[in-house]
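Visitor: Next come the chains, spelled out residue by residue.
There are 2 protein chains.
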Amino acid sequence: MAVVKLFGAWLSPYVYKVIWALKLKGIPYEYIEEDLSNKSPLLLQYNPIHKKVPVLVHDGKPIYESTVILRYIDEIWPQNPLLPANPYDRAVALFWIKFADDKNPIIAKLYRTEGEEQQAVVKEWLEMLEAMEEHALIGGKKFFGGDEINMVDIAFCMVAHWLGVFEDTAGLKVFEPHKFPQVSSWIQNFKSVPIIKDNLPDTDKIVAYLKRRKEMLLTSKSN
Amino acid sequence: MAVVKLFGAWLSPYVYKVIWALKLKGIPYEYIEEDLSNKSPLLLQYNPIHKKVPVLVHDGKPIYESTVILRYIDEIWPQNPLLPANPYDRAVALFWIKFADDKNPIIAKLYRTEGEEQQAVVKEWLEMLEAMEEHALIGGKKFFGGDEINMVDIAFCMVAHWLGVFEDTAGLKVFEPHKFPQVSSWIQNFKSVPIIKDNLPDTDKIVAYLKRRKEMLLTSKSN
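Sequence order for the protein chains is A and B. Mapping to full-length UniProt numbering: the first sequence position 2 is 2, numbers consecutive. Mapping to full-length UniProt numbering: the second sequence position 67 is 67, numbers consecutive.
Because the hints were derived from the structure by calculation, they are not lab data. It is possible that some hints are incorrect.
What the hints assert, rightly or not - Simulated crosslink set (DSBU-like; lysine-lysine; CA at most 30 Å straight-line):
| no. | chain 1 | residue 1 | chain 2 | residue 2 |
| --- | --- | --- | --- | --- |
| 1 | A | Lys-51 | B | Lys-179 |
| 2 | B | Lys-98 | A | Lys-52 |
| 3 | B | Lys-179 | A | Lys-17 |
| 4 | B | Lys-25 | B | Lys-39 |
| 5 | A | Lys-191 | A | Lys-211 |
| 6 | B | Lys-39 | A | Lys-39 |
Could you put together the complete structure from these sequences and hints?
Guide: Here you go:
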């Protein structure tokens, strides 16, 4: 019987964060795909506040919010640590994780906004990319924490993978690699980690899904 | 020479969170009041990303974002722990801290919004109060973590003190104690802790300040 279960959805970046953390730690788990248009009673019971994936269930107890889940995983299974050992470096890492977390709900709107609203979202994206380029990835670091992937890299997965997906859906370009050379190298480094590379959702499938979703949202707005 | 310095502003709930944590731990510190309309070069140097208070400087190194500062304080000075020792209980605490953190920027708009926009803010407040009442403070607990104040109580300081301030400024009532009896008792328990009671900003002074600020914002909007 699996002691670790993960309730997820194939297109959620937040779910992938947990999948990568579990795999980087080498923890076997049972994955349960949720239908987000018809959530299971178990998911609603486990996460009554937000009713969202991901939910990690460990020894029968639910943990939710991807960042909280990652902290829990890192504490329970200390191998391949996902945060620096030094308290100051850890505080810096936690700052960047919070920075990414705070931006995520806004920047995820890129594909389903238009006009001025979309310009405001693009502004948030550029602010994030600039902060990463000028303050976090300075000195040609391979990953945010140095030579090894850690929780900060995972927190910025929206930049590494989903930005391209949103750009394709929206039909516009936000990220110009020559303007953000450090971020550009980091994306390559991040996507070269075998566990990341082997566990990414299919871009074409997400783009097709998001295009349908965008159409539905725009139709319902205009009615 | 003080090894701990706190850059703050008298009306910021986020700054009070740090003040309380330092005092609960018994850490001496030097407090530097910032003029938010004319921020010091040192503040901008220490917090180049957000340019905001609070900033804690420990042994010359800056830490920012109140939640990150509190985690750092709790790790560096382990006396009077502000998080549960058990990893699962700690994950639950971190969930509620994130819940409060995510709501804070929205709910803080209560005093400076009107009409439909204010109704949306009120809705967020009520959702937060309901979640606290029905999921976090169940079983007549004195504090979120049980018998002692911890980081979750501090994270919800907006409810304990600033909601009343915002209500007075806006001239409306959001919190009806009989609808939220557990939250109501918790507010009393929280404000009875000597370090909280003795270190709260002057309500009348904040209300007067926020009323002026609201007027300025509304004037600049209508121009």
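Visitor: Against the earlier hints, flag every one the structure doesn't satisfy and list their numbers going up.
Guide: 3 and 6
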